[in-house]
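Sequence order for the protein chains is A and B.
First residue of the first sequence? That's 1 in the numbering used here, and the numbers climb one at a time after it.
First residue of the second sequence? That's 1001 in the numbering used here, and the numbers climb one at a time after it.
The reader is advised that the hints may include incorrect statements.
Calculated pairs, PhoX-like style, for lysine-lysine (alpha carbon to alpha carbon, straight line, at most 25 angstroms) [what the hints assert, rightly or not]: (1) Lys1031(B) to Lys127(A); (2) Lys13(A) to Lys1005(B); (3) Lys127(A) to Lys1036(B); (4) Lys271(A) to Lys380(A); (5) Lys1031(B) to Lys1133(B); (6) Lys1147(B) to Lys127(A); (7) Lys1006(B) to Lys17(A); (8) Lys1005(B) to Lys127(A); (9) Lys219(A) to Lys381(A).
Residues from chain B that keep clear of chain A, each with C-beta distances beyond 10 angstroms, as calculated [unchecked claim]: (10) Asn1023; (11) Arg1053; (12) Ile1061; (13) Glu1066; (14) Leu1069; (15) Asp1102; (16) Gly1103; (17) Ser1134; (18) Trp1136.
Covered stretches of chain B, as calculated for chain A (at least 3 residues, CB under 8 angstroms) [unchecked claim]: (19) 1040-1050; (20) 1138-1145.
Source of the hints: derived by calculation from the structure; they are not laboratory data.
Built from N, CA and C at the ideal position, the CB exists for glycine as well.
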Amino acid sequence: MIEAAVIGVGQTKYEAKRRDVSMGGLVRKAIDKAMLAAEVDWDAIDAVILGKAPDMFEGVMMPELSLVDAIGANGKPLLRVHTAGSVGGSTAVIAASHVCSGNFDTVLTVTYEKQSESNATWALSPKYPYSPHINAGAGGYFAPYMREYIRRYDAPENIGWKVAVKDRLNALKNPLAHLQIPGIDENMVAETPMLWEPLRYLESCPSSDGACAMVISNKKLAESRNAAWIKGMAVRSEGTLSAGRDEVNPQGGQDCAKDIYDQAGITNPFKEIDCAEIYVPFSWYEPMWLENLHFCDLGEGWKLTEKGATEIEGDIPFNMSGGVLSSNPIGASGMIRFGEACLQVTNQAGDHQVDGANVAMGHAYGGAAQFFAMWIVSNKK
Amino acid sequence: MTEEKKDFFVSDISLSYQYTAGNATTRFLNKVAEGKLVAQKCPKCSAVYVPPRGSCPRCGIATEEELELPDTGAVESFTIVHIPIPGNPIVPPYVSAMIRLDGADISFLHLIQEIDLAEIRIGMRVQAVWKDKSEWGTTLENIKWFKPTGEDDVDPLVFKFKE
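Next up, chain A with everything else stripped away, as it sits in the complex (with noise of 0.2 angstroms):
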């Protein structure tokens, strides 16, 4: 394998609506600073790779054709990649995959959502033809998920709302986090209206606007940056409507793991990873994670979390930037965990920066519970 890195990490600010800029300039804002970052220009780009979730998110049907200009691709290859909510993770994939090839030294990737132009809830929630029309959102599809977690091994009712306070508490040490929610505690949580049971208000992202770019490249320009080397990446999906298929626990999810792990030479996730950035839109996809990504036993997750292991301070932080529970622009978020996981192996992540972090998984899922992509980046060659 050809070694590709992040050499440049721009986000913009996550807001519940960015009236001030229109799609290009949103994506714009997050390239300009992704290639400050990595002190390169445009002749330096060799391919741009963009990604975002449903074109049914603002209704504007493939966005690529008018943000050409704006992301910069006038005269290069140009790809859009779509996985669903795994989308900003996979498209990470697929750019460095183009360094790793060996035919592109530099790659610009971004991805974006702007969801305040629609409404995604509508776009989940179509009626299929011969169903009834029964869809309810991301939430209303994946709630009854983590009641059969909370069944299967007697979870108590306040872990969720402990991994939103602790996201919440995360994302004020974080100048770019939509949700600033001073003082939450689990008493606000569990105050807040119910939406999909078991899920609160507050157990669920919010709806933002707002974009994710990273600058990709080989060792010439990244042997000179402060840089954040992929030691290992992986996607993988699985059926919809599979017998056997463990939604509380996908195949898929477990195979993307190991797969990453053998590459970065990892034997035990919980000891060798300083720090992660998973994807977890609704509170108790934490604990489903940790064990589905192996960091832990089936059943131990919601005792880590309980314990506090995720929190900054901890065994395992997950989240220090407050996480998709925080900020959710749709199509960047998987990008932002694979970004800010470079953010924190090259000590750039400012007030949520996990002391000597070296190593640092960034995660993303999206469908049914069905895509999934993950990286495993360190600040040594």
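Since the structure of chain A is provided, determine the placement of chain B on it from the hints.
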């Protein structure tokens, strides 16, 4: 009085489309129109699919054998939706449940009604409540909702697939 400067405009889109169901789903829906739930079985791993899509995702082979299933089953999991969903006509709160028909190896989403919301639980036995026959078409909407049968709950372990 100052007029607020508007920096966006509203543009509507609408979409109607012709859905080609394919052979397997067409056979299934034509039976649904007669009030029958006809599953398809994998010849290799014996997984039973309803609604069927003509192949087994586990084995990647066609599921041609058909078998009629009863309109009874159990709740594999569920949520109670408390918020109105844009574009969705059902008034909250309502139960959206993964229904596992007896003899099936996958679930499908449907409503549960005729129940105290506090009573709904994983493993609860349910039965379909059909619309009047005059209203039947090629859609699972022929079933208005599912309701509890009052039988003993099933052990959730029965939902685990056994090849």
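Going through the hints against the structure:
In summary, the hint linking Lys1031(B) to Lys127(A) is supported, as the alpha carbons are separated by about 21 angstroms, within the 25 angstroms threshold. Between Lys13(A) and Lys1005(B) the CA atoms are separated by roughly 23 angstroms; this keeps the pair inside 25 angstroms, and the hint holds. A hinted pair counts as satisfied when its Cα atoms are at most 25 angstroms apart, and Lys127(A) with Lys1036(B) qualifies at roughly 22 angstroms. Pair hint Lys271(A) plus Lys380(A) holds up; C-alpha atoms about 17 angstroms apart against a cutoff of 25 angstroms.
The suggested pairing of Lys1031(B) with Lys1133(B) holds, with an alpha-carbon distance near 13 angstroms, which does not exceed 25 angstroms. With a C-alpha separation of about 22 angstroms, the suggested pair Lys1147(B) and Lys127(A) falls inside the 25 angstroms cut-off, and the hint holds. For the hint pairing Lys1006(B) with Lys17(A), the CA-to-CA distance comes to about 14 angstroms; that is within 25 angstroms, so the pair holds. Restraint check for Lys1005(B) and Lys127(A): not satisfied, since their Cα atoms lie roughly 37 angstroms apart, outside the 25 angstroms limit.
The hinted pair formed by Lys219(A) and Lys381(A) meets the criterion: a straight-line CA distance of about 9 angstroms does not exceed 25 angstroms. No Cβ of chain A approaches the Cβ of Asn1023(B) within 10 angstroms, the least distance being about 14 angstroms, so the stated non-interface status holds. The non-interface label for Arg1053(B) is inconsistent with chain A: the shortest C-beta to C-beta separation is roughly 7 angstroms, within 10 angstroms. With a closest Cβ-Cβ approach of about 13 angstroms to chain A, Ile1061(B) is found to remain outside the 10 angstroms limit, as its non-interface label requires.
Residue-level check passed: Glu1066(B) sits 16 angstroms from the nearest beta carbon of chain A, beyond 10 angstroms. With a closest Cβ-Cβ approach of about 14 angstroms to chain A, Leu1069(B) is found to remain outside the 10 angstroms limit, as its non-interface label requires. Even its closest Cβ contact with chain A, about 15 angstroms, leaves Asp1102(B) beyond 10 angstroms, as expected for a residue assigned away from the interface. Every CB of chain A lies more than 10 angstroms from the CB of Gly1103(B), the least distance being 12 angstroms, so the non-interface label holds.
No beta-carbon of chain A is positioned within 10 angstroms of the beta-carbon of Ser1134(B); the least distance is around 18 angstroms. Remark: the non-interface label on Trp1136(B) is consistent with the geometry, its nearest Cβ contact in chain A lying 12 angstroms away (cut-off 10 angstroms). Counting residues of the region 1040-1050 of chain B whose C-beta lies closer than 8 angstroms to any C-beta of chain A gives 5; at least three are required, and the coverage claim holds. Interface restraint, the region 1138-1145 of chain B with chain A: holds (5 residues with C-beta to C-beta distance below 8 angstroms; minimum three).
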